[in-house]
Each structure stands twice: as C-alpha cells, then as structure tokens.
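Q: Take a look at the letters that make up each chain.
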Amino acid sequence: MTKKTYLAAINEALRQEMTRDESVILIGEDVAGGQASSGGPGKVGGVFGVTSGLYDEFGAERVIDTPISESAIIGTANGAALTGLRPVAEIMFVDFIGVCMDQVYNQAAKFRYMFGGKAKTPWVLRSMIGAGLRAGAQHSQTLHPVFTMIPGLKVVMPTNAYDAKGLMIQAIRDDDPVVFLESKLLYQTEEDVPDEAYAIPFGEAEYVREGDDVTVVAVGPAMLHAKAAAERLASEGIDCEIIDPRTTSPLDEQTILESIERTGRLVVVDESPPRCSLAADIAATVADKGFKSLRAPVKTVTCPHTPVPFAPTLEDAFLPNASRIVDAVKHVKAYV
Amino acid sequence: MHEMSEYDLKRAFRRMSAIRQFEERVEKEFALGNIPGFAHVYLGQEASGVGICHDLTNDDWIGSTHRGHGHCLAKGCDITGMMFEIMGKAGGLCRGKGGSMHIADFDRGMLGANAIVGGSPPIAVGAALTQKLRRTGHVAVAFGGDGSSNQGTTFEAMNMAVVLKVPAIFVIEDNGYGEHTGVDYAVGAESIADRAAAFGMPAETVDGADFFAVHAAMARALDGARGGSGPATIVTECPRYLGHFVGDPQPYRTEKELADARARDALKNFRARVTEAQRLKDADLDGIEAELAAEIDQAVTAAVQAPFPDIDELETDVYASAY
Ligand SMILES: Cc1ncc(C[n+]2csc(CCOP(=O)(O)OP(=O)(O)O)c2C)c(N)n1
Ligand SMILES: [Mg+2]
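Those protein sequences? They're chains L and E, same order as listed. Residues in the first sequence are numbered from 1 upward in steps of one, following the working numbering. Residues in the second sequence are numbered from 337 upward in steps of one, following the working numbering.
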C-alpha cells in the first residue's frame, strides 16, 4: 500500500489491466501524443498525464492516437468492442460528447437490447468533468445526468484515488459500455492505494463518514465540498452521514434509504444544473421509497440553471460549496 | 502589393503587429497569473488571419476557434475589450462570461471564438445562408485548424455549403499540429486542400506567413463567393511559435524545429517586402508598433485593475425571451 494520486491510480489500473488482458486498448486524442513530431511520440500521455508512460510500455498498436474525430473514436470503440477488443476510449473533456453522442446513446447503449441479448459492448469511455479551472462554458460541465438517464450505459464517478483504481478495473472487466467520469479537481488528491489489482463492484455506495443527524449524498467533484461541510458542522455538534454512490447507474438506492431510516433528513449535493440532475433523481427516489423515514423536506445543493461562467467571481458563485451545504444541512436539521 | 494603397498596407501591418504584441503580452500576463484558465495564442499565424480578414467588412461574418485572439484582432475587435474579457473582467467584450475561448463581437461580424474543434464551419454555413437569402453580397468565413479538418462537422459543412451554394469560405490554418499530434499523422491525405476540393469547391494552399499570398487567395475566394458561385477553401500553412497552450512544455518538439518555426516571421516578411518596394518606410512601421505597444500596455493596466463581474450577473442572459 502506498500513497497515490487519483491520477496515478487510474494510470496504474490501466497499466495492470493492459498487462493482464491483451485485448484492452487505449484510443483517443493525444493519449500518447507527439505522433509525427520532431521530438517523437509518447511524451504527452493525455492533457493531464493520465495515460502517461503507457505508449512506451504497450506501443502504438495498443495506445492509439486518433485524429480529432470523436464520432469515429466512439464508433471505432463500438465496432472493436462488438468484435472482441476491450477499448478504453478517451473523450478528453466531457463537453465534447456532443460531437459523438449518437455513437454513445443510439449505438453502444442499445446494441444488447435491440439485438435480443446477443451483443456485448465492453468499452470504457473515459472523460473529465467539473468546473473550477476557469475553463469556460465548453470545457467545464459535469454531464453525468445525461449519461445516467440512458438505459444500457453504466456511469461511474470516483471521488478518491482508491475508488478510482478499483472502479476503473471493474469498468474494464465489465461487459457493458461504462462511462467513467474523472473529476479534474480530484486528480492530485492522494490516498492509500494497494499496489495489486482489485475491482470495486458497481452499485455499491460507500459510507464516507458515519453520523446520525443528517444524510448527505454527494457525487463526483461535489464530494470535496461535502466533506469540508461535514467537518465544519461536526464542530458545531451536527453529525452528518456522507454517502458516496460511486456509480450513478446502477445507483445503490438501498444504502441511501437505510441511512435515511436512521437520520430522517437528506441533503443531496451535485455539481450539475438542478433540473433532471442526480440530486433531483435521488430526491425523487427518496420521496417515493423513503417517504416514511423523512422528517424534513429533502434539500438539494446544485449549480444554478445556467451554463458555466468564465469569470472567477461568477464561477465561484456557480459551484456548490461547503457554506451552501452547511446552510442546507442546518435547514433540514432545524425542521420539525 | 502594388494594387494596395498606403493606408491598406499600414492597416495590414497594424493588425499583424497588434496580434503579435497582444499575444506576447498574453503570454506574459498568463505567467503572472492575471489570466485565468487556458490561453491558446496565435503567434506565428498573424498573416493568416489578417490576410483573410483584410477585405471583409463589419457586415461579413467570421467564426473562429479556441485560438481566436488573432481572428478577433484581424476583424477589428477592440484591444481593451478583448484584454478585459481574457482576464474575466466585467468590462470585457462578453462581460467576463466567455473568456479567451469565447470572445464574440457581433458589431464587428465576429460570431465567436469556439472551444469545440469543428464548431464553427457549420455555423458559418448558416451565416452564409442568411447572406444568400437576403442577397446581401456578404460572406461568412469559418476558421479552423489542421486538426479541425478531421472533424466530421467540417466535412458536413463543406459539403452542405457546396450543395446550398452559399458564400462560405473555409479557412484551414495548418500550423503543423493538433494539440500535440503532428498533422502528417492525423491527416490521412496528402493535402487538406485536395480533400476540400473533392467536395466540389475551389481550394488552394498558401504560405500562411506571407500576408500577400493569403490576401490574394482570399481575393479569389471572395470573387467567387460574392459573385454567387458558392464556397471555397483556403489552407494557410503557418508556423506555431509556442505550444498548444501557453505553458505547454512541448517535449515533442526539438529546439531546431522551434527555431525553424520562429524563422518564418510574417511581420519581418511584410516589413522587408514593403520597405524594399519603397511603399512604406521602417520609421512608419516602427511608429505603428510603438502606438500599439502603448495601447496594449494601457489595456493591460486597465484590465488588471478592473472589477470582476458582480455575482448578480450569474443568472442573467441564459435566455433571450421570457423564461
Ligand atoms: C470536439 C473537440 N475535441 C477536442 C478538443 C480538444 N482540443 C482543443 S484544441 C485541439 C487541437 C486543435 O487542433 P487544430 O484544429 O489544428 O488547431 P490549433 O490548436 O493547431 O490551432 C484539441 C484536440 C476540443 N476542444 N473539441
Ligand atoms: Mg493545428
């Protein structure tokens, strides 16, 4: 066990699975970098370095740089997956999904069902989510609700290095198309991560913190703020239970419902606009299946119904933060 | 050059110099932490944008890319308004909501920088359709990089422009790289222009460090587009002085390649040509450079001190009609 960053944990998962199974390939823009350059290929390894070193280890046949052609990247992953490879395809920033969405939601997600259970599409679509880097409206979104609502896709949102490795290994071994959403702001966070390979099953939420007063469910990058809020609230005598669903599809409803049986109060934190968000989805599920447990209305903490602004003042106001979560928790705690 | 007036020559130099100095300053201010986010600069590509935009009016449209500062300046956008925007300030051309990759200025016929590679070509087809239906005689230009020429949206837009016979001009700026990948790897065909020509439009390749070559190619494309014969493509071959973004360490480029890129200098080229032909004097050009240096300096000083947008702006301008 050594401390590793979230970024290094994903890199290690990719390396170990590529070593274990020669059908695993990487495909995307600049996953190696430097093709047809004076300095030679393999020196980049993705814009933040998640795939660094893999080109040198596995070569150009398995670490495939592509032209800027997202439809063809996912289409290629589709065809390769249907015929026996296990592609890990990268769509750099999740915002670029618009260019290739047909191959994701009309093709990959539906093959198995439309073809009467005959097809398997074992790919992983890696992509980065999240605001906070001042990257503007087309490089900052968290589009997990868009994927979560599509039957046939599985959606993974690791919030720490340990989960990132185990969930990536599961994603690669899984026989379905898995959208693996990496939070940019978490790349440099560190955890103890086992050196050996391990898989974390999908649909199993994790208790990040146990507490009896209020259940806080947070997904993806929002987890940072949920943890900070819980610390602050603990010093004021309010004990939050934080739940990380880890995968939004499948969603571990059971763990959330069990927690609410004890706390009777729920705040859901989600860095996406409020309408049709995961926050709205979980709130609705709890209103339906956990109504008797609830002792207060469910509160959600999300972004506003706007694109992501560029100016630092606006982007900071746009994002969920610890103070807003503290306020929401106090509100539901005070409700009698 | 000979058919260009002294005023025109000075204006072309002014715009190229504005881009050069503006971008060098962006590089500096970025390092100082005054520019949030990412910055993709246009250093080395000045003659491409300025040559293309020289004969466009405020009623002709351009759509740009993530590397858009040069296109904005070439189309006449305000230096101060741009610097404010890039720093995220309330007084910016998009009130600080857009940033470097989303500068738009409709009064100048600038439909927006675009952070989605291949975003602008289809939009330019639409802008050109408006010109056709309204019989304005104006055109729409889509800028894109060599990398964007591999995007399906670009192919679709090129074909549709031919089918609809609209006055759209596709400008592919080949700076040798899409991010960190060389064009010879990512473009399967020998020539990007040949691919465009295969859709059924005139297409040519010119030296993107030579203002006069770009300008002449654009004059041919404009003749066709304004004359009603439809779209055209121009590929401008440009050097890329810096990395993909400011701060890119470029381990994939050798020192020699970087030096060779710098040796292709649109401004030095232009200066040599116009002074040798005795059209302009070095002193004229030096004066223009000095004026711009002062203007950019003032813009930066003002932008650094200017306020960020008030958070009341967060939820405004999501919709145009009532919501
Ligand atoms: C649809 C889409 N895919 C990928 C990216 C990431 N990206 C930004 S710029 C760029 C390279 C563009 O290359 P090129 O078109 O040659 O323009 P240049 O940067 O060289 O000006 C890439 C891949 C993006 N912004 N949009
Ligand atoms: Mg390029």
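Worth flagging that the hints you see were computed from the coordinates, not collected in a lab. Remember, it's a predicted structure, so these values are computed and weren't measured experimentally. Quick reminder that beta carbons are idealized off the backbone N, C-alpha and C, glycines included. One or more hints might be untrue.
[What the hints assert, rightly or not] In silico DSS-like links for lysine-lysine, alpha-carbon gap of 30 Å or less:
hint, chain 1, residue 1, chain 2, residue 2
1, E, K592, E, K604
2, L, K43, E, K592
3, E, K604, L, K43
[Unchecked claim] If you want the footprint, here are the derived chain E segments under chain L, 3+ residues with CB under 8 Å:
hint, region
4, 360-369
5, 387-396
6, 432-441
7, 551-557
8, 641-648
Q: Could you run down the list of hints and mark each one as holding or not?
A: Hint by hint, here is what the structure shows:
no.: 1; hint: K592(E) with K604(E); in the structure: 20 Å, holds
no.: 2; hint: K43(L) with K592(E); in the structure: 18 Å, holds
no.: 3; hint: K604(E) with K43(L); in the structure: 33 Å, violated
no.: 4; hint: 360-369; in the structure: violated (count 0)
no.: 5; hint: 387-396; in the structure: violated (count 0)
no.: 6; hint: 432-441; in the structure: holds (count 7)
no.: 7; hint: 551-557; in the structure: violated (count 0)
no.: 8; hint: 641-648; in the structure: holds (count 4)
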